[in-house]
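S.K.: The whole structure should be built from the sequences, with the hints applied where relevant.
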Amino acid sequence: MRVEGLVKTYGGETVLGGVSLEASRGEALGVVGPNGAGKSTLLRIIAGVEGYDAGRVEVRGRVGFVPQETILLPWRSLRGNVLLAARIAGVPRREAEERLEDGARLLGIEEYLNMRPGEVSGGTARKAQILMALVLRPEVLLLDEPFTGLDVASVASLQETLTALRRRGLTMIVVSHMIGELVRVVDRLVLLSHKPARVRGVYDIRGDSSALARMLAEELGGGLAARGDPRL
Amino acid sequence: MGIERVARAVYVTFTNSLAGYALALAAAVASVAAAYANKHVGAFFDALNTLIQSVSILVWAIVFMMVFGVTSRKPPVLVAAAASYPILLTSLMGAVRSLSWRFRLLARILGASRVQELVYFILPGTLPYLAAASRAAVGVALRISVVAEAFGSSGGVGYWLVYSYDIGDKDGVFAWALVLVAMMIAVDYAILRPVERWASRWKL
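Top to bottom, those sequences are chains Y and X.
The numbers in our numbering rise by one with no breaks, and the one at position 88 of the first sequence is 88.
The numbers in our numbering rise by one with no breaks, and the one at position 117 of the second sequence is 117.
Quick caveat, the hints were computed from the structure, so don't treat them as lab data.
Everything numeric in this text was worked out from a predicted model, so none of it was measured.
Cβ atoms here follow ideal geometry from the backbone N, Cα and C, with glycine treated the same way.
Don't take each hint at face value.
[To be verified] Example chain Y residues on the side facing chain X (calculated, C-beta under 8 Å, incomplete): (1) Y10; (2) A47; (3) P67; (4) I71; (5) L73; (6) W75; (7) L84; (8) A85; (9) I88; (10) A89; (11) V91.
M.R.: In structure tokens:
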């Protein structure tokens, strides 16, 4: 997955001012930056949901996208939602069922599949949203703020799932403002500057991740670590 | 006013109203689908809605009776449809506008076609709003079809109510009016409220 010189403007205001980044197969990339820096816009563009004004987006294989807000159809069960995603993508019914069962096992939501979104917790609904992307067997998975709104147990469980997916060779790009949670699942962190967003630094965190997370938090201007923010 | 006559009259009025409502529902869903596909078509149905609402139900009743005849059952059905169509269309159009951004985003993420977007995401999402609007629309259809029946000789509650008035049977007038009220309450509690409750479970 490669993005080169991506430019996006909204009503004359430049949100992305030439963003370039790259992720190799099986790599997990975290994208961090101040609020409104254009992180979500960047993901939506890579997912093909939104257009851009200049630059290049090159993705090999299918892209799965998990948006910031959990959007499930409330009149369908979790199973129904996931199978609808597979149906739209043209996956044969039997194969879709197999992928559904496999993904649900991985995410630990088998017992909730026949429930409707309104009947399950936010964490389970979030996982169902991820399953909707996984059932398409993507080569690249894009996750926008996957930890937001989840309790501690759900965050830990989701981190385990994302780590398992990475081990399966899935390329992931994860946008999150919860750096402390993010560093546990990604290999490198990309730091974006505020509008217009540009890549300010790329940090390999496969070494001492907690020290780097503190440094980044301070660099973001929020001084999270200095304030003893529990997310770190 | 034998029980058989009452049952027959209730059946006629009920089926007239229901057929009118069903016709209006089909037309409203088709209008919304067409409007969703093309905004110019949407503007056309907006104008049509205004036109239908600006014409008195009395005018519709007379026109349909002139076209189909006083003995036909079509005028009460069509008048009920003309009265409930604007209610359903306005509600559906509003629902589509208010929901579409979330479901459109999900549809786009999943790569759905325009038709798939409408069938799987948008129309089912309007169901709670449609159920609420249907309560009003069926009520209007019932009341209005009775007016159309009064002009003709189709044998519904409206026909017998006016017939009782014509022969100076005051008790008959009140009895048929009570039948109508009982019908409305029964339909509301037995059908419309449960359907609305069921559909509102997935209201966002």
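S.K.: Decide, hint by hint, whether the structure agrees.
M.R.: Verification of the hints:
no. : hint : verdict
1   : Y10  : 16 Å, violated
2   : A47  : 7 Å, holds
3   : P67  : 6 Å, holds
4   : I71  : 4 Å, holds
5   : L73  : 7 Å, holds
6   : W75  : 4 Å, holds
7   : L84  : 6 Å, holds
8   : A85  : 5 Å, holds
9   : I88  : 5 Å, holds
10  : A89  : 7 Å, holds
11  : V91  : 11 Å, violated
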